[in-house]
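A.B. asks: Produce the complete structure using the sequences and hints provided.
Residues per chain are reported as follows:
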Amino acid sequence: MKTSHVKSTAITPESIDEAGAIAPSPVADYALGLGDDALVLAQRLGEWIAHAPELEEDVALGNIALDQLGHARSLLTYAGSAWGKTEDDLAYFRGESEFRNRLLFERPNGDFAVTIARQLVASVYFDSLYTALADSADPTLAAIAGKAVKEVDYHLDHSVQWLLRLGRGTELSHERMQRGLETIWPFVGELYSADPYAEGLDGVAVDPRTLQARFDDVVPRLIADASLTVPAIPFARGGGRDGRHSESMGPLLAEMQVLARAHPGARW
Amino acid sequence: MTSPGDSGGRETWPLWEVFVRSSRGLSHVHAGSLHAPDEIMAVRNARDLYTRRAEGVSIWVVPASAITASDPDARGTFFESPQGKEYRHATYYTESEAVPHL
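Sequence order for the protein chains is A and B.
Residue numbering for the first sequence follows numbering that gives the first Met the number 0, starting at 0 and increasing by one per position.
Residue numbering for the second sequence follows numbering that gives the first Met the number 0, starting at 0 and increasing by one per position.
Note that these hints are calculated values from the structure, not bench results.
Treat the hints with care, as some may be off.
What the hints assert, rightly or not - Derived Cβ-Cβ restraints for the label pairs, each shown as a range:
1. B:Val56 to A:Glu95: 44 to 50 angstroms
2. B:Thr67 to A:Ala253: 50 to 56 angstroms
3. A:Asp57 to B:Val61: 20 to 26 angstroms
4. A:Asp87 to B:Asp70: 38 to 44 angstroms
5. A:Thr209 to B:His27: 41 to 47 angstroms
6. A:Ala231 to B:Pro62: 40 to 46 angstroms
7. B:Trp59 to A:Ser192: 41 to 47 angstroms
Unchecked claim - Calculated Cβ distances over 12 angstroms to all of chain A for the following chain B residues:
8. Thr11
9. Val19
10. His34
11. Met40
12. Asn44
13. Ala63
14. Ala65
15. Ile66
16. Ser69
17. Asp70
18. Pro71
19. Thr76
20. Lys84
21. Thr90
22. Pro99
23. His100
To be verified - Anything over 10 angstroms on all C-beta distances counts as not near chain A; from chain B, calculated:
24. Gly24
25. Val61
26. Thr67
27. Gly75
The beta-carbon is built from N, C-alpha and C at its ideal position, and this holds for glycine as well.
C.D. replies: Now the structure itself:
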């Protein structure tokens, strides 16, 4: 994309690569988990393109997917610097058990309400995560987070606008939005549980447990604003950071990786 | 402003005309149109559709139904009167040599 008329000093995967910053190994492990969260969500959102309820929503979800893909590219590029791997090596040539994304992000799109519920939970999480990570002692992580947080603000707004409209809309839209929240709710628990790769990285990584208060403060209020009910559903098992995924992860990876694996090293 | 979720009994989204101002000091210029359920979502959709490459500093959306347009079939008579009236253009002055860039 030609952006020569836009003056920007924001961090990009290319600038991380050119700067030659090498991530210390524990930081790389941590960044890989965050990068996988963003990458897998981007892939899921991309599945909506040409399938959204309206053309305008196709573009909105596609834009959010591209923002997420941008975060993933920066995080994977930085993680790969520790192991001599590129973002493509990490995205296309790892198997399912090597992916560390938390299970929320691989949940199938379902109907539009399920996607909005997943996006709401994801955006609140990313917003508080990147806000905290922007103060990281690791300058590359801090720069990636500082750029991402502005984009995630907009993603959150998009989810909230739809939550309100579907929740307060027709009887059918209300019912499906409530069902969407209930479909996604079991995966909130893992999101705010300890990240094994954040341990020992005080001041560099963010402990997700410290972000739970923001979720508890914001999300029930938004749900009530939309005339919906906070689901009373137990949380599902986690395990995403340890490479234990759900049955829907395999097909997602197959679609994401097939081209790069059929034509290794191809450029376009 | 309508309440979020109030579709006003509509089955389809109304059409909105989008005007984007590319920088301070310039006018808003018509960029195109889009569908959206209400004015809040229309501004957001316009942001996604028409300002992805940093084109704008301000967006207006207007319900297409609120725009009254001239009749395209009557273009001939409607815009005829300036034709052949060159005296309306300031083209008969002698340019002074001492004043550049006129």
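A.B. asks: Provide an ascending list of the numbers of those earlier hints which the structure does not satisfy.
C.D. replies: Violated: hints 4, 8, 10, 11 and 12.
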